[in-house]
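Student: Place chain H on chain P using the hints.
Protein chains: 2
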Amino acid sequence: MRTGDIKTPALIADLKILEANISTMASKRPGKSLRPHVKAFKSTELAKKLVKAGHDTFCCATIRELEGMAEAGIGTDLLLANETLDTTRLNKLLLEDNCRVTVAVDSIETIEVAAAAGVKEVLIDVNVGLQRCGCSPDDADFLADKAKKSGLEVRGVMGYEGHLMHDPDTRRRAKKTQESMEILISAHEAVGGDIISGGGTGTWDCNQVVTELQAGSYVLMDGDYSKLDLPFKEGLLLLTTVISTSMTDYAVLDGGLKALSVDSGNPKLFGQGEVMFCSDEHTTVTNASWSVGQRAGLRPSHIDPTIAKHESIYLVDEIEEGLDSEVIDILSIDLRGW
Amino acid sequence: MRTGDIKTPALIADLKILEANISTMASKRPGKSLRPHVKAFKSTELAKKLVKAGHDTFCCATIRELEGMAEAGIGTDLLLANETLDTTRLNKLLLEDNCRVTVAVDSIETIEVAAAAGVKEVLIDVNVGLQRCGCSPDDADFLADKAKKSGLEVRGVMGYEGHLMHDPDTRRRAKKTQESMEILISAHEAVGGDIISGGGTGTWDCNQVVTELQAGSYVLMDGDYSKLDLPFKEGLLLLTTVISTSMTDYAVLDGGLKALSVDSGNPKLFGQGEVMFCSDEHTTVTNASWSVGQRAGLRPSHIDPTIAKHESIYLVDEIEEGLDSEVIDILSIDLRGW
Chain P
1 MRTGDIKTPA LIADLKILEA NISTMASKRP GKSLRPHVKA FKSTELAKKL VKAGHDTFCC
61 ATIRELEGMA EAGIGTDLLL ANETLDTTRL NKLLLEDNCR VTVAVDSIET IEVAAAAGVK
121 EVLIDVNVGL QRCGCSPDDA DFLADKAKKS GLEVRGVMGY EGHLMHDPDT RRRAKKTQES
181 MEILISAHEA VGGDIISGGG TGTWDCNQVV TELQAGSYVL MDGDYSKLDL PFKEGLLLLT
241 TVISTSMTDY AVLDGGLKAL SVDSGNPKLF GQGEVMFCSD EHTTVTNASW SVGQRAGLRP
301 SHIDPTIAKH ESIYLVDEIE EGLDSEVIDI LSIDLRGW
Chain H
1 MRTGDIKTPA LIADLKILEA NISTMASKRP GKSLRPHVKA FKSTELAKKL VKAGHDTFCC
61 ATIRELEGMA EAGIGTDLLL ANETLDTTRL NKLLLEDNCR VTVAVDSIET IEVAAAAGVK
121 EVLIDVNVGL QRCGCSPDDA DFLADKAKKS GLEVRGVMGY EGHLMHDPDT RRRAKKTQES
181 MEILISAHEA VGGDIISGGG TGTWDCNQVV TELQAGSYVL MDGDYSKLDL PFKEGLLLLT
241 TVISTSMTDY AVLDGGLKAL SVDSGNPKLF GQGEVMFCSD EHTTVTNASW SVGQRAGLRP
301 SHIDPTIAKH ESIYLVDEIE EGLDSEVIDI LSIDLRGW
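For the protein sequence lines, the chains are P and H, in the order given. So the first sequence is numbered by the working numbering: it starts at 1 and just counts up by one. So the second sequence is numbered by the working numbering: it starts at 1 and just counts up by one.
Think of the hints as simulated: they come from the structure by calculation, not from any bench. Wrong hints could be hidden among the right ones.
Given that identical chains are not distinguished, each listed pair holds provided it fits within a single copy or across any two copies.
[To be verified] Mimicking DMTMM-like on lysine to aspartate or glutamate, the simulated pairs with C-alpha atoms at most 20 Å apart in a straight line are:
1) K32 with D77
2) K48 with D141
3) K48 with D263
4) K233 with E320
5) K52 with D317
6) K7 with E179
7) K227 with D77
8) K48 with D317
9) K120 with D167
10) K52 with E19
11) K16 with D324
12) K28 with E96
13) K52 with E179
14) K32 with D263
15) K120 with D77
Chain P on its own, in the form it takes in the complex (with noise of 0.2 Å):
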């Protein structure tokens, strides 16, 4: 099969490029000190290519995502790096086989949810600066008592500078990153463990306090994070059809919003011309000239959301011009909904 014979709109991705992308990482990063997050891409076959590279401990941030890694059998080092009060499924995985679950936690109500699920470990979960989940720094030390009266290991802290991750002034991410993580320093030390877990693709050399980085984009890009000075390529493409062409000059393609997500800003094109506009089931584009009938590729802002559209991601060996490769793998998206 090759890309040609897709029908469209569809994902596909460069293995060369995802290759080179883990490779980058796991040379800075090997082993456990990188917990990659599989909320990025959604699949337990690209988590696999992720053990292969040596990683074998991940971050989730569902509970599905949890239960499709356990079944997966990549589940002997999960974190759910999110908070959760569904005390029934959190139980019913922690009966799996071969499935070591550690939960965020950041409030009285997530410890008592953890500890009635039966949840053996946990990591405080720190606000270090997003306007998100995570616990005033000064509660840790409280949280972290709670925890352990409850029963619970508490395994470390956890602290996501999400708010910094895209910022695209490096030394400034990095002085700013520093300053984030010297509150995480500081709950660790009130709380104890082995783990200071954080960070993600914009800070994975800067940050140098955590001990594990919560990394998923950098495997695939986005034109979001490829604003910023990283060494990680842009590996996944909507592949779309030219439907219409116009009498002025732009072009109809049949992937819109369904199909991508337009959060972080309109898709780029692969190749010549700009996007014009996105609609549900349509994407115009100008400034070049296209037929009916063509392909055209379009980059996404963030692979995140736009994954999550998807059934499934073709995988070729490299993404050439006129996009018709031999597809070589299809990735299941099996870590969707939630």
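Tutor: Same frame as chain P, but now just chain H:
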């Protein structure tokens, strides 16, 4: 089952509002004068509610939608209101019993595909101002001739004034819609046939030219359409759980970019409070008080790509404060994908 028992995030819909919206539309656009667009909701079960309300002709945007509608036994008059180059799947579809498919064409290439696939009937898709599909009005006559010479019956024309659909100024929207439809009337005079197809939720009453209105979003509405003076009400909600509350003034819900689309703006809270921002799996909200474990609802700004992210919609008789209603049905979103 109650909505309080549903794992979150999940979509819930209000049956009373759904039925009122369907009834309001049917009173003005009865039977075949409405050709509901299934792209908005991607569910054959919801389409069957429209059949009960008297509409048995439908618009689809994708071949998957056509296939699913035919499989569900409601394929007696389907319009692919979009261009396609997929001869193989069109051909296979046409072999189904009780399946009548009319296809929009706007070029020699799409006419050739239709003829090769064994399509019998087409509409000439005319550009009426939206920079998307549709031939130049001047080419409609020529393409109709070409289609007829290729053995296709031309049922008429279609033209979608999507660029006017969200104009908040009612009089201007009406005036510009009329101007846009004058183009379609001219093309229809040249082409002939019984059908003038076009319009949508935003021009449901001011478009008095089309013989069939292609509206879909009106069934459950969304934040974007609700800015207009339409009689349809928002009936869809993303049900979430508060998983974290901050020491300052915000809380975090367990549904974000992967559960709703923000292409038309952030969602709005059902009840008090304001949305600060959405992340992949979270929405941070402020200006109200929440407790961990509490349910919260988000009104999506755009239902079409939001619904396409989910496997099902939980239907309740009425969405009430507290968000704990009896679930009376679960609608499968069975027309996802392409």
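Student: Give me the numbers of the hints this structure contradicts, sorted from smallest to largest.
Tutor: 2, 3, 6, 7, 9, 12, 13 and 14
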